[in-house]
Amino acid sequence: MEIPKELYYTQDHEWGSVEDGMMRVGITDYAQHELGDIVFVEFPEVGTVIAKGDPIGTVESVKAVSEVYAPVDGEIVEINEALADTPELVNQDCYGSAWMVVLKISDPSQVDALMDAQAYRAYVEAEAK
Amino acid sequence: MSGGQRVTRFPEIPEPLLNVRSAPGRNKRMIPAPFDASVVEGLSEAGGPPSLPDVSEVDTVRHFTRLSRLNYGIDHGMYPLGSCTMKYNPKIAEEIAARLARIHPADAPAMGRVLKCLKTLEQMLQEICGMDACSLWPAAGAHGELTGMMVIRKAFDIRGEKRRTVLIPDTAHGTNPASCTIAGFVTKNIPSGPEGYLDASALGQHLNEDVAALMITNPNTLGIFEREIRVIADLLHANGSYLYMDGANLNAVMGVARPGDMGVDCMHVNLHKTFSTPHGGGGPGSGPVLVKKELARFLPAPFIVRDESGGFVLRARPSEESIGMVHSCLGNVSVCIKALTYILSLGPSGLREAATVACLNALYLKSRLKDLFDLPYATPTLHEFVLSDARQKGRGVTTMDMAKALMDFGFHPPTVYFPLVVAGALMIEPTETEPLEELDRFIAAMEEIAETSREDPEKLHESPRAAPISRVDEVWAARNLILTWSDERIQPGEKGI
Amino acid sequence: MSYVSHNGAELRKILETIGIASPDEVFASIPEALRYGSPLAVGGPEDEESLRRDLAFHPSRVTFTGGGIHRHYIPAVVDAIASRQEFSTAYTPYQPEISQGTLQAVFEYQSMMAGLTGMEISNASMYDGATALAEAALMALRGKGIERIAVTRSTQPTYRSVLATYLAHTGQDGIREIPFDPKTGRVDLRALEESISPDTALFVQSPNYFGVIEPMEQIAEIASRKAGFWGVVITEALSLGVLTSPGAFGPDVVLGEAQSFGNPANAGGPLLGFLCTRKEHARRMPGRVAGLSKDSEGRQAFCLTLSTREQHIRREKATSNICTNQGLCALRAAVYLSAMGPRGLREAALQCAAGARYLMGLLGDRGIRPIFSGPVFNEFVIPMDEGKRAGLEKNGIVPGIPLAGWYPEIGRAVLTTVTEMNTQEECRCLADNV
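Chains A, B and C supply the protein sequences, listed in that same order. Quick note on numbering: the first sequence equals residues 0 to 128 in numbering that gives the first Met the number 0. Quick note on numbering: the second sequence equals residues 0 to 496 in numbering that gives the first Met the number 0. Quick note on numbering: the third sequence equals residues 0 to 433 in numbering that gives the first Met the number 0.
Source of the hints: derived by calculation from the structure; they are not laboratory data. Just so you know, these numbers come straight off a predicted model, no measurement behind them. Even for Gly, the Cβ is constructed at its ideal location relative to N, Cα and C.
Simulated restraints, written as ranges between beta carbons of each label pair:
1) Glu-320/B / Ala-403/C: 20 to 30 angstroms
2) Ser-82/C / Glu-320/B: 35 to 45 angstroms
3) Gly-7/C / Glu-87/A: 52 to 62 angstroms
4) Gly-35/A / Arg-464/B: 20 to 30 angstroms
5) His-75/B / Pro-181/C: 56 to 66 angstroms
6) Gly-35/A / Glu-9/C: 43 to 53 angstroms
7) Gly-144/C / Val-57/B: 50 to 60 angstroms
8) Arg-277/C / Ser-96/A: 28 to 38 angstroms
SDA-like, lysine to any residue: derived pairs with alpha carbons at most 20 angstroms apart:
9) Lys-27/B / Ser-55/B
10) Lys-118/B / Gly-310/B
11) Lys-143/C / Glu-41/A
12) Lys-458/B / Glu-296/C
13) Lys-12/C / Ile-442/B
14) Lys-278/C / Ile-489/B
15) Lys-387/C / Ser-59/C
16) Lys-27/B / Ser-50/B
17) Lys-278/C / Glu-487/B
18) Lys-291/B / Arg-34/C
19) Lys-365/B / Ser-28/C
20) Lys-182/C / Arg-368/C
21) Lys-115/B / Ala-40/C
22) Lys-161/B / Leu-166/C
23) Lys-393/C / Val-433/C
24) Lys-365/B / Val-420/B
25) Lys-365/B / Asp-23/C
26) Lys-90/B / Arg-52/C
27) Lys-225/C / Ala-247/C
28) Lys-118/B / Leu-50/C
29) Lys-392/B / Glu-450/B
30) Lys-458/B / Glu-446/B
31) Lys-90/B / Asp-53/C
32) Lys-115/B / Gly-42/C
33) Lys-393/C / Pro-108/B
34) Lys-182/C / Ile-409/C
35) Lys-118/B / Gly-42/C
36) Lys-187/B / Gly-239/B
37) Lys-90/B / Glu-47/C
38) Lys-365/B / Glu-9/C
39) Lys-62/A / Val-420/B
40) Lys-293/C / Gly-35/A
All chains should be built: construct the whole structure from the sequences, respecting the hints.
Below, the structure written as structure tokens:
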């Protein structure tokens, strides 16, 4: 199971990468594997202001629908339009081309509360038991 | 065709879509024409005939007959679907129900007899369930659940009590929480104990003044009789809450134990399960709601009552407290008449025999299968039981593979991946109408599947191989969403897509 | 009667295998205190002939009743196909490999309903038109910015009642009801204009409960300009055989009752709710839906799809709690539409309209005129006091459905319906006795 070292992680299996006050968000390898083949992805509109823990998207497979939650407070500035036509990218490249939204971070201190790769790996291994 | 010559019992596949055979002028039907239609030619604002295939009667009959041959039905063999009670559907019930065809519900003189029969059914269901009042209007089990939960909500609203939480065990059917949500409740999941029972002593921590009810299924979806149900009912009542029962598994206890005596305040039954009305490929079913006296006045309108002449009529709202209407008419009336026919056919001894043999048949299967498959709970069960794929998974064989393999033995698979408390669940309910040969045939099939999973597991990944089609790509279906034949992505012609 | 196959020897073998001495021991896990000690006080057991004798039902001689449930010609092939046990006893098609018959028939039903209503997609059925309306309202409320529901008062009263029951828990302050013009029986367009706004979902029935065809173009103009969501309600599906398909007016949903397609009146049910909408609403649409796919060898195959919205997966967040719907009734509708064809459906619809005009003519000759001046399809409202109506009924003639209970402002009147199942002689019989 892939868990890139440079990313941040949440307990709901989102990943975040931070650059210039922006956070790019997606779902982790563990999440896409649990969901199975992804058939549909949906996001709120660009410009939506959200709080940490608010849903910023829905990911649907044939056996489940899952919400994607915001790791931090912010505003949605970009959504990945490519996922509308090729939702399977989430299964193939969840950390790269299948990023989901870009948030403008409103409270940078919230980033410190997120897990790093090591903590996330431990968390996932415990959950799998 | 791939992989060489393939002999199949089903030469009809693929049966082209109906519109493929359409051509102008093929349909020669004579329509009854009692009136002179020339007076209304101008009415047709549509500018053209309705958008429908133009096919002959022979085309229609051949098309749908060929389609029917692609289906499995209860007259073919067993459907061991847990919590579905797929028992044999008596033909006499079909014959009797067909007599309703030409009666319009607003034909009051004709409806008198129908209402009398419906009233009789209400009374019989009350007797079987140990309840005080009944409404036959909900058109399915989920509809009955919704109605029952709305009745409970109304009972609190009238008293000025705002209670918004419903406790639901983790073994519950998905319609339970969904129905609660529509009725305006929030649901709280209650875990079952390690032996599969709801633990009454653990219930206390969840009870507070916001709890409106607990929804129980008894026996539960593990096939286990909730032995503490009376204690649970008492705890709920002491908390000012109600006990709702999902009656899907009533077949296990008919004539032996009554939900009303267990402390149930409100429940629904499924006529298309326990009372043997045919499943129809997805309905019509019927989900009557039954309540104790205290909740009777909240039941949905209208009500069947006797008028001055002693005949049966409908009254709109004898009490202002009814939740209102839940159906535009009287629910699935002919389904109710089929259930009445079934109950009268069996009588009290037959109903009890049905429950007894339903449990015997299930225990017979369990005793023969528990050494080959993982049995997650050693707890005694009644009319159904749950196995899992734990012993086969190590060789890469899943519940899905085993379910598809059963089709190659001529069976419909059991319920799979439910209840959620068992990973890879196989929920098996034979019902009382299965002959011993069919039970033995099922056991033999399961034994062979267990053996194949040891010797040649890869073979099971390819099943089904003897069904009309092989495994369907459900991911492709969901990604592409082709939901009508007008979709431009469908290539017209005999080969399908 | 018993449908248990086992004889004594077989039962003994079963008991031996389980390891119990008598059948009643299967209930050992049920506490003694909860056992019911007496035989159930229900009727039976009765043999089949006794059942045939005791359960007899007889329609009145002449009926002109409609109001949401309709008597129509049903080709013999419908019963012949629907009574095939492969269709009637089959379970829900969760295992597509052995349910292609049901699934393809559902797909074809969806296709025909979408085509007839002029919409893009359809679900596999709902319980009836009233619950279809309730579910459509919930669907609208789940969307962005819809806060209230408005419905015309001329929409079927039982539908509005069920809608109110379902909405009672959504925190709404009631359903906005749009009045009708007492002269024409059509919606009051000015009241309509004033009642709706972008936070409103509007539902309009046409032909309405009085049989009057609503001014759909004008309603569509107002709705598209002012409402956040709107839908057309159809209670007489046969009207789709001859009137402009509602999709042409641009609503978000077209829903209602399709019992007229191949399902008999059956003393009230089962009925056949339908709901059609646009592809963009597919994931918010309640109910089951069958989709096209392929199997592992590339053959045409159908399966239930979009299941993740449904109760068995989404549970408390589901788009609806519906599970068992009206599957066999939808099959009957598919066979009916196939058997009737485009010309047949249109002719049947024209006969209904012609019949209504024939009867209106006869009644007019006796000084009885419809109380509404609006154009009708096959139903109309005439004044009639309760004594006269009851008297006719006693003589085996049911002239229609009394309206005073639901519409006190209309008072003593009946809704009279004529279909291709009535005859000229029946019409003369009613007119002579009225």
